[in-house]
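Following the hints, position chain B against chain A.
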Amino acid sequence: MPIQTDELKQVANIYRELLRGYHISHQDHEWYPELSHNQEQYQNLFDLLGYQLVCDPRGFYYFFPEESSSISLNKTAQRFAMIIFILIEIYADEGKDPQFILESEYIPCSDFAKIIKNKYQKLLEQVEVFNEQDIESKIFEKMVKFGFASEYMGRGYQMRPPIHRFFDVCLDLHKETQAKVAVEETST
Amino acid sequence: MIEPKKVLRTLLNRWDIIAHLFEQIADSSIALQELHYLIVTLIPQSEQSEVSNVIDSLLKVDILVPVANNPNRFEINSVIMEFVGYLKNEHRLGLSEEIEAYVKHLELLANKIAQAIQTGESSEFVKYAGELDRRMRDVIKKLQHDEKALEGIAEQAKMANKQIPLRQRYAEVISSWDEYIEPMVEMINPKGVFDRTVQLVENQLQNIIHKTDVVGFLIDEVEIVRQAQARMMEMEKVAQHSLKRGTEILLPLREEVRTNNTITQGASLALAIIRKQGIGYLNVENRVPLLALSQKNVVGSSASIEKYIHGLRGFEPTPNRFPSRRSDRKSLDKVITFDQVGEQVIKSLPIADIMTWLIENYAMVSTDNIIEWFSMFTRGDSFQKQRLTRKDYFTKTHRISLRSYQIFGKIYANSNR
Numbered sequence: 006m007p008i009q010t011d012e013l014k015q016v017a018n019i020y021r022e023l024l025r026g027y028h029i030s031h032q033d034h035e036w037y038p039e040l041s042h043n044q045e046q047y048q049n050l051f052d053l054l055g056y057q058l059v060c061d062p063r064g065f066y067y068f069f070p071e072e073s074s075s076i077s078l079n080k081t082a083q084r085f086a087m088i089i090f091i092l093i094e095i096y097a098d099e100g101k102d103p104q105f106i107l108e109s110e111y112i113p114c115s116d117f118a119k120i121i122k123n124k125y126q127k128l129l130e131q132v133e134v135f136n137e138q139d140i141e142s143k144i145f146e147k148m149v150k151f152g153f154a155s156e157y158m159g160r161g162y163q164m165r166p167p168i169h170r171f172f173d174v175c176l177d178l179h180k181e182t183q184a185k186v187a188v189e190e191t192s193t
Numbered sequence: 032m033i034e035p036k037k038v039l040r041t042l043l044n045r046w047d048i049i050a051h052l053f054e055q056i057a058d059s060s061i062a063l064q065e066l067h068y069l070i071v072t073l074i075p076q077s078e079q080s081e082v083s084n085v086i087d088s089l090l091k092v093d094i095l096v097p098v099a100n101n102p103n104r105f106e107i108n109s110v111i112m113e114f115v116g117y118l119k120n121e122h123r124l125g126l127s128e129e130i131e132a133y134v135k136h137l138e139l140l141a142n143k144i145a146q147a148i149q150t151g152e153s154s155e156f157v158k159y160a161g162e163l164d165r166r167m168r169d170v171i172k173k174l175q176h177d178e179k180a181l182e183g184i185a186e187q188a189k190m191a192n193k194q195i196p197l198r199q200r201y202a203e204v205i206s207s208w209d210e211y212i213e214p215m216v217e218m219i220n221p222k223g224v225f226d227r228t229v230q231l232v233e234n235q236l237q238n239i240i241h242k243t244d245v246v247g248f249l250i251d252e253v254e255i256v257r258q259a260q261a262r263m264m265e266m267e268k269v270a271q272h273s274l275k276r277g278t279e280i281l282l283p284l285r286e287e288v289r290t291n292n293t294i295t296q297g298a299s300l301a302l303a304i305i306r307k308q309g310i311g312y313l314n315v316e317n318r319v320p321l322l323a324l325s326q327k328n329v330v331g332s333s334a335s336i337e338k339y340i341h342g343l344r345g346f347e348p349t350p351n352r353f354p355s356r357r358s359d360r361k362s363l364d365k366v367i368t369f370d371q372v373g374e375q376v377i378k379s380l381p382i383a384d385i386m387t388w389l390i391e392n393y394a395m396v397s398t399d400n401i402i403e404w405f406s407m408f409t410r411g412d413s414f415q416k417q418r419l420t421r422k423d424y425f426t427k428t429h430r431i432s433l434r435s436y437q438i439f440g441k442i443y444a445n446s447n448r
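First to last, the protein sequences are chains A and B.
With our numbering applied, the first sequence corresponds to residues 6 to 193, in that order.
With our numbering applied, the second sequence corresponds to residues 32 to 448, in that order.
The shape of chain A in the complex, shown without the other chains (with noise of 0.2 Å):
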């Protein structure tokens, strides 16, 4: 299929944010329209470049990576898992779905003390996250270069739509569980 440059206005922009590891979601208001738009003409483009742009419908792209560029990267990706699994944890015990850490309007700083003071401080010191402070720097800061959450008016974090990818994770988990189970059971 052709690629009709002309309608890639913002192709230089896209590609930088894509190839530094950003997902670009619907808030990305001068991205993502012309993204969306022009799916097809970007995947083709950027497959002749080597990249496999990642299209999810529930509203966000990203560059799958090779293997070999993620090696840096097992911390992060294991500290934003940390993060969204106590989050799901602590708002279901408050009685609400995983699905308010999206919908919410933003997740407080005052609710980092809530998750580094209980059951969960052993947890994040497995990720090298000790403190508060820690929770922001190394954590929902990081979220924000990657494009997983976006600052909240110096309050807080909003959460954006590519944490799906964790939650995935979590659904992909309980698959694997209910197949051992059933296994097992197979088995006795």
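Worth flagging that the hints you see were computed from the coordinates, not collected in a lab.
Certain hints may be false.
As the list claims (entries may be wrong) - Straight-line Cα separation of at most 27 Å, DSS-like style, residue types lysine-lysine; simulated pairs:
#1 B:Lys-422 to A:Lys-14
#2 B:Lys-307 to A:Lys-180
#3 B:Lys-307 to A:Lys-127
#4 A:Lys-119 to B:Lys-422
#5 A:Lys-122 to B:Lys-307
#6 A:Lys-122 to A:Lys-147
Claimed, not checked - Cβ pair distances, simulated, as ranges:
#7 B:Pro-283 to A:His-42: 20 to 26 Å
#8 B:Glu-54 to A:Glu-133: 27 to 33 Å
#9 B:Glu-279 to A:Thr-191: 31 to 37 Å
#10 A:Ala-187 to B:Asn-103: 54 to 60 Å
Treat the numbers as computed from the prediction; the structure is a model and nothing was measured.
Backbone N, C-alpha and C define an ideal beta-carbon position, used for all residues, glycine too.
Relative to the frame of chain A, chain B by itself:
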């Protein structure tokens, strides 16, 4: 017997109160005192006698009826409820068992029609055929009404306050799915009650038509039977469409609740695994790989140094042949001098991009010479020039990123200086 016009007139005159009662007590009843209070709030400054007149007018035309065994509590007449619901476009989901009961009754009516044909009783035939047609119309109306009700349930669920947990918000969606959609799917599937009854009634009707064709008996009534056949086909089509539509409306919401619950359970599972076996066991970095821009030629943080060293492990130098001292090979570079290039430049002026010009005209020259000539032409004030934007240039061996120049003309030195 209540006069229809009186009912309509009361509905018109007391619509505000009736609509309010519909909102408040559609599925329940109201005590006399509460009713009294409601009317006072809706008609402020009304006197006691006026309130009593209003209540009387509603009771007289059976819009409100006393609850069985409790004359001090009242409920809205079910027929009025249905009519008001229709007018307000508010549909309440019926029971799947109601449809099943209607459908089973069709079978009974078809048998009675067949009997009437056998005994040759034309009046009985017309009576039961008419009732069959009416019943089928009732089923169609009920299915369409239920479809609208499902749309309303889904809308309400989606518009509900998002602070309320999903399971609560979607409670009616889940119960509608379990108590209406699933039984209806079973009923309407091939070999379900609906399908079996429709087949049976269709066969009966077809036999009747065949019999009257052969015997020439009750020919005038054959039209009624054909009409019933057509109605039956319409009923089947509406049933399948309504069920399909209901499923389309509710299934995504039901799945949302399921997914929600699964995510919560999955997160707790994940944290339990992390506590027992450590975060590394979950293999998050492979489940959610994040892209890091590969910086092959730049080292910065310790992580990229590690990666660089890791990359060096596989490094193998490419063998290179050094030229011998007495080599007869003449390098192309020795043939061309800077002065010669300079003469060509002057002849070619103006030049839009000096770097491009050098690469195009001296493609076989080594990159260092190209760069050296570029530097010499663009240094100083020998030429009138304008700097261009940074871009990449490609020699036969290298990619160079720089800001080139457009050269307009040669500046000759002033002999008087």
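Evaluation of the provided hints:
1. B:Lys-422 to A:Lys-14: With Cα atoms ~19 Å apart, B:Lys-422 and A:Lys-14 stay inside 27 Å; holds.
2. B:Lys-307 to A:Lys-180: The hint holds at about 19 Å.
3. B:Lys-307 to A:Lys-127: Holds, at roughly 12 Å.
4. A:Lys-119 to B:Lys-422: Status violated; Cα separation ~51 Å.
5. A:Lys-122 to B:Lys-307: Status holds; Cα separation ~20 Å.
6. A:Lys-122 to A:Lys-147: Holds: A:Lys-122 and A:Lys-147 sit about 22 Å apart, inside 27 Å.
7. B:Pro-283 to A:His-42: 20 to 26 Å: 25 Å, holds
8. B:Glu-54 to A:Glu-133: 27 to 33 Å: 57 Å, violated
9. B:Glu-279 to A:Thr-191: 31 to 37 Å: This hint holds: roughly 35 Å between Cβ atoms.
10. A:Ala-187 to B:Asn-103: 54 to 60 Å: Between A:Ala-187 and B:Asn-103, where Cβ atoms are some 58 Å apart, the hint holds.
When each numbered hint is compared with the structure, violations occur for hints 4 and 8.
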